[in-house]
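Novice: Here is how the chains run, residue by residue.
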Amino acid sequence: MEFTLTDTQQMLQDTARRLVRDRYGFEQRKAVVASALGYSAELWKEYAELGLLGLELDEDHGGSGGSFEDLAVVVEAFGRGLVVEPFLSTVVLGAGLVTRAGSAAQKDAILPKVAAGEMKLALATGEPKARYSLERIETGAKRDGDGYLLNGHKAVVLGADSADLIIASARTAKGVSLFLVPRDAKGVDVRTYPNMDDRRAAEVTFDNVRVGADALLGPEDGALLHLEAAMDRGAAAICCEALGTMTVLNELTLDYLKTRTQFGRPIGKFQVLQHRMADMVIAEQQARSMVQLAAEHANLDDAKRRAQAISAAKVQVGQSAQIVGRGAIQLHGGIGLTIEFVAGHYFRRLTAMEMMFGDQAYHLKRFAA
Amino acid sequence: MELTYPKEAQDFAEQIRAFVRAELPAAIKQKVLFHKRISRDEQVFWQRKLVEHGYATPGWSKEHGGPGWDALQRHVYDDVMSEEAAPPAIPFGESMIAPVLFAVGTPEQKAHYLPKIRTLEYFFCQGFSEPGAGSDLASLKTRAIDKGDHWEVNGQKTWTSLAQYANMIFCLVRTDTEAKLQEGITMLVFPMDLPGITVRPIITIDGGHSVNETFFDNVKVPKFGQIGEPNKGWTYAKLLLGHERTSIARIGQSKRELRHLKALASEQESDGTPLMEQQAFREKVAALEIELAALEITALRIISTAGKGHSPGVEANLLKIKGSEIQQRLTEMMLEAVGPYGLPFDTNKGLGETNLPPIGPEEAASLGPNYLMTRVVSIYGGSNEIQRNIIAKSLGL
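These protein sequence lines map, in sequence, to chains A and B.
Per this note's numbering: the first sequence = residues 805 to 1173.
Per this note's numbering: the second sequence = residues 78 to 474.
So that you can see chain B by itself, here it is in the shape it has in the complex (with noise of 0.2 Å):
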């Protein structure tokens, strides 16, 4: 099912098709295709494209830096993309500090940060949870002490995604512990190359490594990475979650991988005949994009609407709990398509580090590890058990 843009949308539209189809590289495509890793050289190759060509940061306005688009061309924008299977981007750095800084930046420091997170310069992580707070993200234990010149910094935050990539963190820190929980709280931006600080892998059951512990002992913060005032970080934690829920929704990538799906199961027999021309099999398909279209459209709805002043609130908890649904059921069903080839796990192949000739049809590799990782979408970011607390509490309830 296809929506119908404006004819300006659809002109737009094909801009950006024009420049993915010419700038892409095969090899990278392929692997966002089926599910392998991206390699930091190959995020940072594809952000200087984007940049060349004035497709980076879509968010930003034009002040910032960015392309000034308003939300039609960056919904439009992450469609196309996601269909023709570019990177996504690194939401770390642009996508959710750096509205902060648009927001209680100093003129220094969004001169010095907001050029370098264009270009991933500077890559981000995330010092969010620790492992006493996640849900409670407001227990936080991570301590600052003003030093004067620097704030001294000592805990640990845990499930930093992309840790071993980062080189630069925004962290929540506890700067007051006599206030309430919310208000003791301080965001800060540094380089990870400061001594005393440690990344340990987490392995994940996926077999791959995307997120990390971080250990602070005793690390100089000069105050330059201060963001906004001391104790309000809880603040603009929010302000930068409420970023991260919105593009968590990951619609473009779904339909994409609705697409797969489709493919996947029209080469896959079952009883003689192509698995997609099963009945049972192919209603299910239906169902899900029934399901995706309706999250389109809400999020479309959304857009209209957020141009004329409407704040979009409880909004992003909606998209974020009905785009994390989505997509674990996509990755439910492409499994499920495969079938018995869903079982081998060599997850080196499945993760697209190995040359060695797959076991099975070619897609079917990444299909488990897939699965198995995609629960986390309706956990982080807020669990969907957190996101249905604040669409209930915004009821009144």
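Just chain A, with the same shape it has in the complex (with noise of 0.2 Å):
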């Protein structure tokens, strides 16, 4: 059984897988990932005219009022060629907070010009000791005449060096609190790394970084719904992008396993290896049920049926991403583990996923409590 797309979403699937198939090759990707930027700005733009970045966005903010199940099918395709472009933290995360925290003059700041690709944003959560809650941060923000002050660090920030505008999330009076605090504001500091999957992400940290009251995005002490909603929507989107990602390192594997000879026949040939690849292919259909899932309930208002069936789907996905993943390397041999092939590639990207939005120890806890 397949789950049918509306029309609206195949355009889309055509649109992105073509965009993957031409612009997104093994040696193009390679000169991206190199680039002083680390992803394509002229890619960026062409998603905006593609209408990709506003695809959830109401018409009002540039967008095209599309469902998470359409963002879904473009973040599908751009797991299948290992994109880097800062879709994740500008469109999924950043955008959909906004949209729900926002004001009304947040949003016609900040929507439009995500949608024509003229701002990026990230969202800084994670902090040194936080693991993967939300909750448990000691960055701080203090009341300072009419606006705040704030200290802290921020870890492993997706986006950071690319985002116009942080999002980050800090400890207020009595609670918690998000504060859009613009990247080259006094007293932030960007340190910039690659991630495994090529991916950039920053320590950040803010040293007496001061910001008005209209910084403050989403109700004083009270921001904790919406980012658990943020984070829910991270993982369910992480989970459609490993859908797209195990898929090709399947058929990169059993293309591998039709031609690749020892012993004077194909090494499909051989059981054991039969065997794996048919566990790999299970592991795939039983994660493409679940970021079916994932899809639907992301954008839902109910937060306990919502982190019930992102978790499941978080765990689901995080298992069959290691079958598939370790399974295509023991399948290939050594070639696998070589950085001029690209199954490899996909391997890191799959383990990336893992520690993203919370890995599988901490969506079985949550799904189980």
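One or more of the hints may lead you astray.
In the DSBU-like style, the derived pairs of lysine-lysine whose C-alpha atoms are separated by at most 35 Å in a straight line are [said to hold, decoys possible]:
#  : chain 1 : residue 1 : chain 2 : residue 2
1  : B       : Lys84     : B       : Lys139
2  : B       : Lys339    : A       : Lys1169
3  : B       : Lys108    : A       : Lys933
4  : A       : Lys834    : B       : Lys108
5  : B       : Lys139    : B       : Lys126
6  : A       : Lys990    : A       : Lys1169
7  : A       : Lys1073   : B       : Lys309
8  : B       : Lys126    : B       : Lys300
9  : A       : Lys1108   : B       : Lys309
10 : B       : Lys315    : A       : Lys1073
11 : B       : Lys257    : A       : Lys1073
12 : A       : Lys1169   : B       : Lys113
13 : B       : Lys339    : B       : Lys309
14 : B       : Lys309    : B       : Lys139
15 : A       : Lys933    : B       : Lys339
16 : A       : Lys1062   : B       : Lys315
17 : B       : Lys315    : B       : Lys108
18 : A       : Lys978    : A       : Lys911
19 : A       : Lys1073   : B       : Lys218
20 : A       : Lys911    : A       : Lys990
21 : B       : Lys257    : A       : Lys1062
22 : B       : Lys126    : A       : Lys834
23 : A       : Lys1169   : B       : Lys361
24 : A       : Lys1108   : A       : Lys1169
25 : A       : Lys1062   : B       : Lys339
26 : A       : Lys933    : B       : Lys361
27 : B       : Lys470    : A       : Lys1062
28 : B       : Lys113    : A       : Lys834
29 : B       : Lys224    : B       : Lys297
30 : A       : Lys1108   : B       : Lys84
31 : A       : Lys1062   : B       : Lys218
32 : A       : Lys978    : A       : Lys1169
33 : B       : Lys470    : A       : Lys1073
34 : B       : Lys257    : B       : Lys224
35 : B       : Lys113    : A       : Lys933
36 : A       : Lys933    : B       : Lys106
Think of the hints as simulated: they come from the structure by calculation, not from any bench.
Work from the hints to combine the two standalone chains into their complex.
Specialist: Rendered as structure tokens:
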């Protein structure tokens, strides 16, 4: 059984897959990753022109009012090509948060620019001791006149180097609040590095960063619900992307089994390798089902039901990604571990995804709670 | 879980421990603990220390210049060396080609090669795999033609570990194209600086350079480097691989990594308590610890029968399979332990080649690269699928 795509989704899928196929070949991607920016500004512009950046935003803000499922189709295609542009941080996390928590003025100021490809966002929630928790943070925001003073250290912030605006969580008097902080504000330090999957992240520190009252995003002390929703969207998107990545990796492995010969025959003729390949395909199918579930629930307001679905998906996809990723390397042998061959890059991306928005242990605990 | 050794073995362990603690530089120890790369100079420095104190080449008999230890002593030695984070010995010379030389080398070859292997003056690499000959090693194509006083070698080897450090290579080459695949192979030993040898690095997905492609273009190998008889190389290779498989179980190393994992998980907080105190994580560590204890006892059982004329055949395959699976599991759990800090991938930092301040916990930098690269242990030295085939065959299946 296959879930059917709407006409719009079919069109989106064709567009995104074509783009990945034509513009994201191994060598093309390698050049993008090695460039000073670490992503392609040219492709970012194209995503905007194709309407991908504003897909989920309403028409008043330059978007096309699509659903998360529409977005999921695009993200899955990006996963197939290991696309490195900061789509997740800007569109899924950043714009998603502004849409839900932002004032009319904030939405007007930010969302049309995101849709047009003129502004990028990053969400800074993690901290050195927080692990995957959204609450256990030490970064603080103190009232300072009519604004706030921010101090703290945010860890592994995806897309911080390319972001114009960083959305940071901080402890306020009675809870957790969110603040819009321009990346170039005085006192913001961004130490950028590549992650295992070639995307960039950064350690972001705030040293007496002063922001105005209008920097507060959502209710003071009451941002946790919004943050949880954003992280669920992030996890759901990662699941969709992982599915695309797994699908291609399975195709690569299958192709290798059919073409690599040892002992005078294709290695795919050996039963022990056939069974492992079969398990990898089963894993992909199990993931596919849960990705569908995740996409349907990603924007649900009922936080409890949403959390159940997203955590279930993240656990299954995490398991599947390990079966597919490790299996692919084993079946490829040494070649799978070389930087000049594509399979290893898919494995690296799948490994990285496990550590984003909560690992299997985190989501298993959350699901069972 | 600690096993108790007999009194003599305990004394022996203490003696080795005292030596390592006195002689191993802290900087090298740190590198081993944190999975950083050991330089050639450091490796040679440590080997010379071992030689000086009579602790080099633990597997060699006195006749060949080794300490002549029994199997239990060798196990204890490996255990203590690993626990104290001494750099693991480079296996190619002392554990792979040396046993072949013991068995079939001429007196002149033994006199020439063995002392230099012992001091690492001869730093060996291994020329077995080829692009078309991996698991099916016997299909190798690198050709050697008899030119009277020398062999002329043409072809390509791949996955040549540490060829960039090596000044010697042992190679399997095809010397008879008419015979059955296994019966036309000869083993040669020669210097890496002979004219016509080119080494090209293979960069792996951890960002590191440990393997290479090695090309031979009309390389003239003196006959002195021919090991044993021509066309008997396959037999020698099997002997050599048996030694490789036993040593790559890495039980001592895994015990050290298990301790490292526990320390790491005790420092990492999860929901306000150390990760190590979280039930689910704790139980996963426990399961792994039990598996490792079982493997160690299995190894000791094999050792105790080895002395009684029982040949350790299939056991080597067992040790390789379980040993590699445990090593992989350890890297998986260490990566899990540091949570999101497993993501930063500054490979220079991870491999210990920069002094920049760490991102996140100091130990975290190497864990991603280490996880990725440890996938190789179920591939090299004969893939685990091949190992299982050998076990199944020995069962009469």
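Novice: Look at each hint and say if it fits the structure.
Specialist: Hints and how they fare:
1. Lys84/B with Lys139/B: At roughly 24 Å apart (the allowed maximum being 35 Å), Lys139/B and Lys84/B satisfy the hint.
2. Lys339/B with Lys1169/A: Status holds; Cα separation ~21 Å.
3. Lys108/B with Lys933/A: Distance of about 25 Å is within 35 Å: holds.
4. Lys834/A with Lys108/B: Roughly 31 Å separates the two Cα atoms, so the pair holds.
5. Lys139/B with Lys126/B: holds (18 Å)
6. Lys990/A with Lys1169/A: violated (40 Å)
7. Lys1073/A with Lys309/B: holds (30 Å)
8. Lys126/B with Lys300/B: holds (33 Å)
9. Lys1108/A with Lys309/B: With a Cα-Cα distance of about 69 Å, the restraint between Lys1108/A and Lys309/B is violated, given a limit of 35 Å.
10. Lys315/B with Lys1073/A: Holds - the C-alpha atoms of Lys1073/A and Lys315/B are around 25 Å apart, at most 35 Å.
11. Lys257/B with Lys1073/A: holds (23 Å)
12. Lys1169/A with Lys113/B: The given pair, whose Cα atoms are some 34 Å apart, holds under the 35 Å limit.
13. Lys339/B with Lys309/B: violated (48 Å)
14. Lys309/B with Lys139/B: holds (27 Å)
15. Lys933/A with Lys339/B: Holds: Lys933/A and Lys339/B sit about 18 Å apart, inside 35 Å.
16. Lys1062/A with Lys315/B: Satisfied, since the Cα-Cα distance of roughly 29 Å is no more than 35 Å.
17. Lys315/B with Lys108/B: Holds: Lys315/B and Lys108/B sit about 33 Å apart, inside 35 Å.
18. Lys978/A with Lys911/A: Cα-Cα ~26 Å, so holds.
19. Lys1073/A with Lys218/B: holds (23 Å)
20. Lys911/A with Lys990/A: holds (24 Å)
21. Lys257/B with Lys1062/A: Given that 35 Å is the threshold and the Cα spacing comes to 26 Å, the pair holds.
22. Lys126/B with Lys834/A: violated (44 Å)
23. Lys1169/A with Lys361/B: Answer holds: Lys1169/A to Lys361/B is near 14 Å, not above 35 Å.
24. Lys1108/A with Lys1169/A: holds (14 Å)
25. Lys1062/A with Lys339/B: violated (42 Å)
26. Lys933/A with Lys361/B: holds (22 Å)
27. Lys470/B with Lys1062/A: Distance ~25 Å between Lys470/B and Lys1062/A Cα, so the pair holds.
28. Lys113/B with Lys834/A: holds (26 Å)
29. Lys224/B with Lys297/B: holds (9 Å)
30. Lys1108/A with Lys84/B: violated (60 Å)
31. Lys1062/A with Lys218/B: holds (22 Å)
32. Lys978/A with Lys1169/A: holds (26 Å)
33. Lys470/B with Lys1073/A: holds (18 Å)
34. Lys257/B with Lys224/B: The hint holds at about 22 Å.
35. Lys113/B with Lys933/A: holds (25 Å)
36. Lys933/A with Lys106/B: holds (27 Å)
The structure shown violates the earlier hints numbered 6, 9, 13, 22, 25 and 30.
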